[in-house]
Structures are given as structure tokens and as C-alpha cells.
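Colleague: Here is what each chain is made of, one letter per residue.
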Amino acid sequence: MIETEHITKQLAGRTIVSDVTFRCQPGTVTGFLGPNGAGKTTTLRMLVGLSEPDSGEARILGGRYRDLPNPGRRVGILLDASAQHAGRRGREALAVSAKTIGVPAQRVDTLLELVGLDETAARRRVGQYSLGMRQRLGFAHALLGDPEVLILDEPANGLDPEGMRWMRGLLRGFADRGGTVLLSSHLLAEVDAVADRMMIIGGGRIQAQGTRAELLTESGTVVEAADLAGLDAALRSAGLATHRIDGDRRLVEAEPDVVARAALAGGVVLRRLAPAEGAGLERLFFELTTTGARASSPQTDPIHPELAGATA
Amino acid sequence: MSTTTLAAPIRVNTAGVHARPGIGRLAAVELRKMVDTRAGFWLQVATVAITVLVVIIRLVVGDAADHTFASVLTVGVIPAAALLPVAGILLVTSEWSQRTGMITFALVPGRSRVLRAKLIASMVLALSMLVMSVGVIAAGVLVASPGVDGTWSDAATLIAQSAVYLTAGMLVGVAFGMVLLASAPAIVVLFSLPTLGSALASLSFFADVAPWLDIGRTLDPLHEEAMSTTQWAHAGTALALWMLLPLLIGIWRITRREVSV
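Sequence lines, in order, name chains E and W. Oh and the first sequence: position 203 is 203 in my numbering, straight run, nothing missing. Every position in the second sequence, counted from 1, becomes a number in my numbering once 312 is added.
It is possible that part of the hints are untrue.
[Stated by the list, open to error] Here are some chain W residues the structure puts well away from chain E; computed CB gaps all over 12 Å:
1) His330
2) Leu338
3) Thr349
4) Ala376
5) Gly413
6) Leu419
7) Met435
8) Gly459
9) Ser514
10) Asp520
11) Ser540
[Claimed, not checked] Here chain W is said to cover these stretches of chain E; the calculated rule only asks that three of the stretch's residues, wherever they fall, bring their Cβ under 8 Å from a Cβ of chain W:
12) 33–41
13) 225–235
To be clear, the hints were calculated from the coordinates, so they are not data collected in a lab. Beta carbons: idealized from backbone N, C-alpha and C, even for Gly.
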């Protein structure tokens, strides 16, 4: 269980995290999404006592992190895979932490095997590791104390596709066994496949949170046309709410046949017409985290105005 | 990639199952961290190698009459005295420069306990290096000048004083590391202090206070001669200024400010 209540943090006069409230339940994976600089890392640092909130409270397993007698045995942390001594061998880096939190040395080898670092890699110095290897070492480090809670900052960074799939399996299994997982990412796709719940942070505030289904109650339609101006005009005159996805695609809040009828009425030739599925989440993420997005696309009206700022 | 899974269900720990890591264990970890990196390992190897070299040279050149324990010790502890403070600096600053502080202070949120462990580990390393230096010196003296009159005079006093010399020097390094939190500036400041001290001492204004504050001048007698009460007083005041004060500032700062590494 991870909880925060209205945590706020200012650094150098700038508000980095503002009134952030959330709760991660045991047995779930929560994705913490937001662009770089949105306040994800600062929030995670406050969870584990490396930083103190100016106001509000962060609790892990019912109390403050710093009050846990031996936090390494209950909370696994991967805040930055590169935060390891470059001159220390991979196995030794784990052994030092194992000694600190009092887990037997054999567990180091178990975890090296689990994360796929072989004997050669384990003997190399961390300075020679690729980013992907550091992430794997970071995972091993987080799991060292056999924790109940995992807090991972951008853990997918540097992982290859196989490593990503492995990570998802690991986190899913961990949550299914009753663990609590909070992982951050600036890429929706990394989190979308594994998270039960998502929180989207932008500008230091939680913009939306909920299950995937809650965030995407609409069933929109993605539509593409060569004559975009004509398409926009046709959709507008049919009174359909439309959102830009990217340069030449539109997400329309209507069923495909309604959209097709509007295009027919406007005499626009369609290149593509399909149910929205993931595109809606992508747009929502983009819209909620980019301040300029709404202003630059006047035909957009947000689908879920009630989600903005919702923290319940 | 391994298909191993951690199959056991997540246990729900009850309070008290996992005790806080003891200060002894933390100190052992900090000691290990001083020697398990490439830099740390070679620093210790260099200390031993240079000590052996210095002692051999001292015994090869010069009169046999100079080959007393006291005279060899005067130069024999210099390698340890010069390099231990560097290990002390790195013990603290590497948590920032190598960013391991994120791990260290997350595993042990009580930062003052980490710092206490580092101080204990520093003293243990300093005393280990004392044992090494004295061992090398004594072995050299035994081989080079067996049975010379007065070979072992003042040995116990000088060993005890060298213990203070090495430990204090090490802690000065730790203290500078804590205040500056960056390896290069801390090392530069540490090594320029004695030079700065003697430069200031040449100014008439400082001439009177220099014997009390110049860290190089006040600590050197520790490994050169059996010290008088006045000399101890000089060493004590210099250490209060250069060891105790930066230690207190460093501890105050690290335990209060954000761990930004």
C-alpha cells in the first residue's frame, strides 16, 4: 500500500509537485505517467524519504517510509539505474546492499540469474554496463529484500523489447502475488500493457487517474482523409466532437457509421475509418500533459473535463 | 533470460520481524565500500606498497645508527598518513559523485546512522593501516639493525601517537568530504592546507596563532617525537578547528538537506 495526501514540493522557488493525492493498493500495478519534468521523480523521492514534502504526507505500508525499521526488506526501489558506483562489480554492488539489509549472500546469485545477468556480467564493473544491464541490476537490487512494495522510476528505459516483456511478466507476477507496484514512465505504451491503474501527471498535478476503462469510457472512431479541411468541416457541421491525434488523423466521439454518414454528407473521401481503441488513451495522455495542445487545436473539446484535476 | 520466478506469495510482514540494521553491520558495510571499488582497492594496495618502499629506502640509505624504530617510523607512517584522508574523502563524496547515496540513504533512512557508520569504518581502516605500517617498520628494523642500542626506545609512545596521527588525519578527510561533498575540491583543499598554513605563519600577524592552528605543524610531532603537553594542546586546538568543526557542519548539513545526488 502506497498513499499520498496532498503532497506539495517546491524546489528553488518553483512548484514541482502540487497537491498530489493517490493510493496504490496491494495486488495492483499502478502506472505513473507524465512527460519528463512533470514531477514523477520528485514524487517518488518523497515517497522514500530522500526528499521531504513541504506539505502533505506520504505513507508506505501504513506509515512513513523512514519509520520502517529495515525498509529494504519491505520496499524495493529503483529510482535511477545509473546511481551505482562505476568502479564496483555488479555482484559486489548487490552484495553490499544485501549485507546492509541483512539478506543472505546466496540471494544475490538468485537475483542475478532472475534478471539475466550471467557470471561474466556479474564480474564486470558497473561502469562498463550498458543502460539495459544497469536496469537489470537495478531490478535485482529492488527485489533483493523480497519486498511487498516496488517503486520503480522509468524502469523500462534502455530495455530491449524482450526485456520489456520480461519486466511486464515480472511486475504482473509480483502484483498477482499480492504485491503493490508503482512504476513511472514518460511513454504510455510501456505502462499501458501492464498497469491496472494509471495516474497521469502534468505540471506537477495529477491530471487524471483511474483504471484504463475509467480513463477511456468513450468509444471513439479514428478517421483519416486526404482532404483534412473538408473532413473537419464535415464533422463540424454534423456536430461531432473531434480531436487531433496527429497530423492527418482525427479522433471522433461517435460510432464509425455516424462518422461515415457525416463524411458522405460533406462529400469527403475517407482513407481510413476504425474504432479508436488505444488511440483515445494516447490522445488523453497527450492532451492532459501538454499545456499547449488545447490552444493549438480549436476544434478540440476535452472528452473528460471532469477528469482534469480529479484526485479522488 | 531466466524464467525463474519468485513464486512465493508476498508475505505481509508484521512489525518487528525485520530489525533495524545494527551500527556494527553498517560500519562493516562502509568498510567494505572503501576497498571494493577499483579506486578504493588500489588506494589501499598503493598505501601498503609505498610504505614497504619507503621503509626499505630508509633502511638502505643512512647510517646504521639512524635505523632505530623511532627514526624509521617518522617516515614509515607518512604513506598511510597521506593516503588515508583520500580514502576518507572518497568514502563520503562517492555517495554523491557516484550517486550511490540514493541507495545508501534509501536503505538506511536514518542518515546520521550512516554517517556514524562511516566514522567508525574510517577509524577501523586507519588503525588497520597503523598495524600494517608498524608491522612493516618493525620487520625492517629487525632485519636491518638487530641489537643496536636504543633501537626500540619510545616505541610504545610513538605507536600510540601514530594511532592518533593516522586516525585524526583520516577523520579530517572524512570531515572535508562531508562539508564539500565533491571529491576533487575536497582533495585539493586537504592537500593545500599545510602549505597554506605555513604561508600564513610567515605573516607576522599569524605568527602567534599559527602554532595552535596550523594542522601540518601541530600534527607532525605525533610521529616524530614523544610529545609535550603544550604540543598536545596545539594538536588539540588545530583538530578542533580542522576536524571537529567541519565534521559538525557536515553532519548537520547532510542530515537536514535533501539527498540530491
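Colleague: Please verify that the nearest CB of chain E lies beyond 12 Å from Gly413 of chain W's CB.
Modeller: violated (8 Å)
Colleague: Taking 12 Å as the cut and beta carbons as the points, is Leu419 of chain W off the interface with chain E?
Modeller: violated (4 Å)
Colleague: A cut-off of 12 Å on Cβ-Cβ distance, and Gly459 of chain W was said to be off the interface with chain E. Does that hold?
Modeller: holds (47 Å)
Colleague: Holds or violated: is the Cβ of Thr349 of chain W farther than 12 Å from all Cβ atoms of chain E?
Modeller: violated (4 Å)
Colleague: According to the definition I'm using, a residue is off the interface if its beta carbon is farther than 12 Å from all beta carbons of the partner; does Leu338 of chain W meet that for chain E?
Modeller: violated (7 Å)
Colleague: Since Met435 of chain W was said not to touch the interface, does its Cβ keep a gap of more than 12 Å from each Cβ of chain E?
Modeller: Per Cβ check, Met435 of chain W is outside 12 Å of chain E; nearest 19 Å; holds.
Colleague: How does the coverage statement for the region 225–235 of chain E fare against chain W, requiring three or more residues with Cβ below 8 Å from a Cβ of that chain?
Modeller: violated (count 0)
Colleague: Three residues minimum, CB to CB under 8 Å: does the region 33–41 of chain E make the cut for coverage by chain W? Let me know.
Modeller: Coverage by chain W is violated for the region 33–41 of chain E (0 residues, Cβ < 8 Å).
Colleague: Test the statement that His330 of chain W is away from the interface with chain E: the closest C-beta pair must be farther apart than 12 Å.
Modeller: At roughly 4 Å from the nearest Cβ of chain E, His330 of chain W sits no farther out than 12 Å, so the non-interface label is violated.
Colleague: Please check whether the beta-carbon of Ala376 of chain W is more than 12 Å away from every beta-carbon in chain E.
Modeller: holds (44 Å)
Colleague: Say whether it holds or is violated: Asp520 of chain W keeps its Cβ farther than 12 Å from all Cβ of chain E.
Modeller: For Asp520 of chain W, whose nearest Cβ neighbour in chain E is about 45 Å away, the distance exceeds 12 Å, so it holds.
Colleague: Please verify that the nearest CB of chain E lies beyond 12 Å from Ser514 of chain W's CB.
Modeller: holds (41 Å)
Checked against the numbered hints listed earlier, the structure breaks hints 1, 2, 3, 5, 6, 12 and 13; every other hint is satisfied.
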